[in-house]
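*Asks:* Sequence:
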Amino acid sequence: MTDLILDTSVLSRFAPGKHPPIDGEILADLRATEDDWRVPTIVVAEIAAGIAKLRRAGGEARAALLDAWLTETIVVFADRILPLTTEIAVETGRLHDDLRARGRHPGLSDVVIAASAAASGGVVLTRNIRHFHPAGVRCLDPFEPGFLAALRG
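So for the sequence shown, the UniProt record's numbering puts the first residue at 1; every next one is plus one.
What the hints contain is simulated information worked out from the structure, not anything from laboratory work.
Please read these numbers as outputs of a predicted model, since none were measured by experiment.
The C-beta atom is built at its ideal place from N, Cα and C for all residues, glycine as well.
Warning: the hint list may mix true and false statements.
As the list claims (entries may be wrong) - Cβ-Cβ distance ranges computed for the label pairs, FRET-style:
| # | residue 1 | residue 2 | range |
| --- | --- | --- | --- |
| 1 | 14 | 145 | 27 to 35 Å |
| 2 | 27 | 79 | 17 to 25 Å |
| 3 | 129 | 52 | 37 to 45 Å |
| 4 | 59 | 152 | 26 to 34 Å |
| 5 | 108 | 65 | 38 to 46 Å |
| 6 | 56 | 136 | 15 to 23 Å |
| 7 | 18 | 74 | 18 to 26 Å |
| 8 | 1 | 76 | 12 to 20 Å |
| 9 | 60 | 98 | 16 to 24 Å |
| 10 | 127 | 83 | 23 to 31 Å |
Construct the complete structure from the given sequences, taking the supplied hints into account.
*Replies:* Quick look at the structure:
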């Protein structure tokens, strides 16, 4: 199967807390693809930054809960965390310039995620299709009905 590159918007939906529960059918589709999930290191960094910001703002209890979740997530994904390799770094630079030349100004984190997908031939799973579509990588919203059919199609 194809590598499924998780964006922060997707991985964070599994964090404990405020999100509404994931629909049962959608959750079943997600679980069916779980072995193919990959997490770029930049996603780990974005989540860690969010936890640090929460802690700094006085949300210690929630930050501790999310910190424990992130630690567990890193253990679970151990061999499926994608390092920022030289190949991905070079592709990130090329892609970032290409997008800016076309009037797009994505955040560097999204460009790193797109470059990770390009390097592996993977599909970005994201809630923010508009951030990744211009990068020319295949991207899907796994929380939309028909995700699994679209992935296989």
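*Asks:* Evaluate each hint against the coordinates.
*Replies:* To see whether the hints hold, each was checked on the structure:
no. : hint                 : result
1   : 14 / 145: 27 to 35 Å : violated (19 Å)
2   : 27 / 79: 17 to 25 Å  : holds (24 Å)
3   : 129 / 52: 37 to 45 Å : violated (28 Å)
4   : 59 / 152: 26 to 34 Å : violated (40 Å)
5   : 108 / 65: 38 to 46 Å : violated (28 Å)
6   : 56 / 136: 15 to 23 Å : violated (37 Å)
7   : 18 / 74: 18 to 26 Å  : holds (22 Å)
8   : 1 / 76: 12 to 20 Å   : holds (18 Å)
9   : 60 / 98: 16 to 24 Å  : violated (42 Å)
10  : 127 / 83: 23 to 31 Å : holds (24 Å)
Going down the numbered hints, you'll see the structure goes against 1, 3, 4, 5, 6 and 9, while the others check out.
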